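Trainee: Residue strings, one per chain:
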Amino acid sequence: MLVKLSDISIRNKLVLMQMFTSVLVLSIVFAVFVITDINSYKERKVKSVKSIAQVVGTNSISTLQFQDEDAAKEILSELHNVAPEIINAAILDKNGNLFASYNRPGSDTFIIPSNKNVGSSTFHDHSLLVNNPIVNENEIIGNVFLNVELNELQQIKKSKYEITAVLLIVALGFSFLIGAAVQPYISKRLLRLLKTMNEVTESGDYSKKISDDGKDEISVLIKVYNNLMLQVRKNQQKKDEFIGIASHEFKTPLTSIKGYLDLLDLMENDEGKKQLVGKAQRNVNKLEVLIKDLLDVSKIQSGQLELNMQRFNIDELIKETIAAFQMLSPTHHLILKNTSGEAFVYADKQRIEQVLINLLSNAIKYSPGEKEVIISYEKNDTDMIIKITDFGIGIAEEERLNIFERFYRTKDISVHISGFGLGLYICRDIIKRHNGKIWVETQGKGSSFYFTLPLKTKEPVLQQKV
Amino acid sequence: MKKILVVDDDLDILTLVKLALTMNGFTVEAISRWEEVNNSLINFGPDLVLLDVSLNGADGRDICRKIKETDNTKHIPVILFSANANMSSFVHDCHAESFIAKPFELSHLLGTINTYTYKQN
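Taken in order, these protein sequences are the chains called A and B.
Everything in the first sequence is counted per my numbering, starting at 22 for the first residue and increasing by one.
Everything in the second sequence is counted per my numbering, starting at -7 for the first residue and increasing by one.
You may find that some hints are simply not true.
To be verified - Which chain B residues face chain A? A few, computed with CB under 7 Å, are given here:
hint: 1; residue: Asp4
hint: 2; residue: Ala12
hint: 3; residue: Ala50
hint: 4; residue: Asn76
hint: 5; residue: Lys94
Unchecked claim - The calculated DSBU-like cross-link candidates involving lysine-lysine, where the alpha carbons are at most 30 Å apart (straight line), are:
hint: 6; chain 1: A; residue 1: Lys313; chain 2: B; residue 2: Lys10
hint: 7; chain 1: A; residue 1: Lys307; chain 2: B; residue 2: Lys10
hint: 8; chain 1: A; residue 1: Lys244; chain 2: A; residue 2: Lys255
hint: 9; chain 1: A; residue 1: Lys370; chain 2: A; residue 2: Lys260
Claimed, not checked - With the C-beta cut set under 10 Å, the calculated list includes, among others, these residues of chain A facing chain B:
hint: 10; residue: Tyr281
hint: 11; residue: Leu287
hint: 12; residue: Asn290
hint: 13; residue: Val305
hint: 14; residue: Glu327
hint: 15; residue: Asn329
In case anyone wonders, no lab produced these hints; they're calculated from the structure.
Quick caveat: nothing in here was measured; it's all calculated off a predicted structure.
Ideal Cβ positions, reconstructed from N, Cα and C, are used throughout, including at glycine.
With these hints in hand, go ahead and build the complete structure from the sequences.
Mentor: Right, here's the structure in full:
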């Protein structure tokens, strides 16, 4: 099976590369050495066999001249003592007819090869065949065939291959060790960079610097990362300043408007005028919510949303929130079911109230007409689960995941709802910061929003500082 | 009649708070310059100080600390108010009694002030 190279970790790639390269280089080097070694052995062998053939030839000149086959045979049989590796030997006359032959005891009869190239030498699997001319006074009067056993060559080949194999295995082992020793300097630093980047992304704390005093590409990468983070921090600082200024600049005139409207409302007795003031007040409140939402989103994004954790009774908070809503929108019936009176959680009370307000106002907004909204909570071993169910228009399957995104508004054009689409995004962040979960379920008509808050059995360590 | 010293560099808010408190039976001295705080503390002798955090040229938290560190004034309750809701976490540090985020409901402002002036009795 083909493995995608990019799927292999850099750590393994480095080791593999190291091993592959050393094996390749060593294989080439060994091949060259083995081939030249064997070739030079062959050359030497041919030379020595030819010199034997020369001697045999010179000694046989007279036997050929006098057609003394017995003498020729005797010369050949001498080979048994001189060169025991010779299996077969033969002397041919100038017509190519066999004059005398010799077979080493225990070996097969020699068959004169058809190729009678004088002066040639041919290597077979286990033997070397030499055909040497017998020259007398510049005239070829016959030739000598010598068939030599080459067990030695096989042995040399075998031992060379063995040495090569052993050395390759040793080299493979060393290259693995070297690769494993070197790779931390590359992959470990990369992995550290990766880990820091992940941590930074999750925590939003961009002040983490990585120290690295090397000079290679990874050091450059780390330097670039550090510079980038510095840039991010600078931008974040600017943004923080902006949030600070914006909160002040938006909220100060809003405070005046809101306050004077409240004052007008208190001082005015004319019902008609009071109604007009009421309209203005409602819109100022809307504006206030929008500004708060926008600032909250800015805070979330720059990791500035802080929690004031405290232990409080969420049953009470739900009841208070319901009471406030009942005053504002008396058309809907907000019902708290399965109340046990006491349900303590450890959380930021104001932020959880914000989540409840968001979810309840959504439930009311998206279930026009006089409908019920049901709130309930239950405890399991680790979490408090709060559920808010409405019987309104519900949420389309494909929208269910998107509704928690920033600036997401329903695609359903039959619904005209005001707002930026930030409420659920803020809710999700608040709940996430509490290590809780938030999700929505739809059952035909209406939808149920759930959120969880982890229960703490321990007494709260922090008290709200107000 | 309880005396309230209000310090805020935004004149409209200053007037608003002064009106609302006066209507509810308080005697109010409203100043926009932090430099005058000391003077007012001595001459006006407030029962409670309502102090903006971001004043022009000064930090309300520092002024609050000073009030709480001075023997003659440390008994006076101080309520900080600010458009920056994060400031609520600094209330403890500068020994203020309470914090109100801007924009506020007048009823909430009055309620808080009533609580702390009532406590004094």
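Trainee: Are the hints correct? Go through all of them and say.
Mentor: Status of the hints after comparison with the structure:
For Asp4 (chain B), the interface hint holds, since its Cβ comes within 7 Å of a Cβ in chain A; the closest pair sits about 4 Å apart. For Ala12 (chain B), the interface hint holds, since its Cβ comes within 7 Å of a Cβ in chain A; the closest pair sits about 6 Å apart. At about 15 Å, the closest approach between the beta carbon of Ala50 (chain B) and any beta carbon in chain A exceeds 7 Å, and the interface hint on this residue is violated. With a least beta-carbon distance of about 5 Å to chain A, the hint placing Asn76 (chain B) at the interface is held under the 7 Å criterion.
With its C-beta approaching chain A no nearer than about 4 Å, Lys94 (chain B) sits inside the 7 Å limit, and its interface hint holds. Straight-line distance between C-alpha atoms of Lys313 (chain A) and Lys10 (chain B) comes to about 26 Å, which keeps the hinted pair within the 30 Å bound. Note on Lys307 (chain A) and Lys10 (chain B): the hinted pairing holds, with a Cα-Cα distance of about 26 Å set against a maximum of 30 Å. Pair hint Lys244 (chain A) plus Lys255 (chain A) holds up; C-alpha atoms about 16 Å apart against a cutoff of 30 Å.
With a C-alpha separation of about 27 Å, the suggested pairing of Lys370 (chain A) with Lys260 (chain A) holds against the 30 Å cut-off. Among the interface hints, the one on Tyr281 (chain A) holds; its C-beta lies about 6 Å from the nearest C-beta in chain B, closer than the 10 Å criterion. Here the hint on Leu287 (chain A) is kept, as its CB sits about 7 Å from the closest CB of chain B, short of 10 Å. Among the interface hints, the one on Asn290 (chain A) is violated; its C-beta lies about 14 Å from the nearest C-beta in chain B, farther than the 10 Å criterion.
For Val305 (chain A), the suggested interface contact is upheld, since its CB lies about 8 Å from the closest CB of chain B, less than 10 Å. Among the interface hints, the one on Glu327 (chain A) holds; its C-beta lies about 7 Å from the nearest C-beta in chain B, closer than the 10 Å criterion. Taking 10 Å as the C-beta cut-off, the interface hint given for Asn329 (chain A) holds, the closest approach to chain B being about 7 Å.
Hints 3 and 12 from the earlier list are contradicted by this structure; the remaining hints agree with it.
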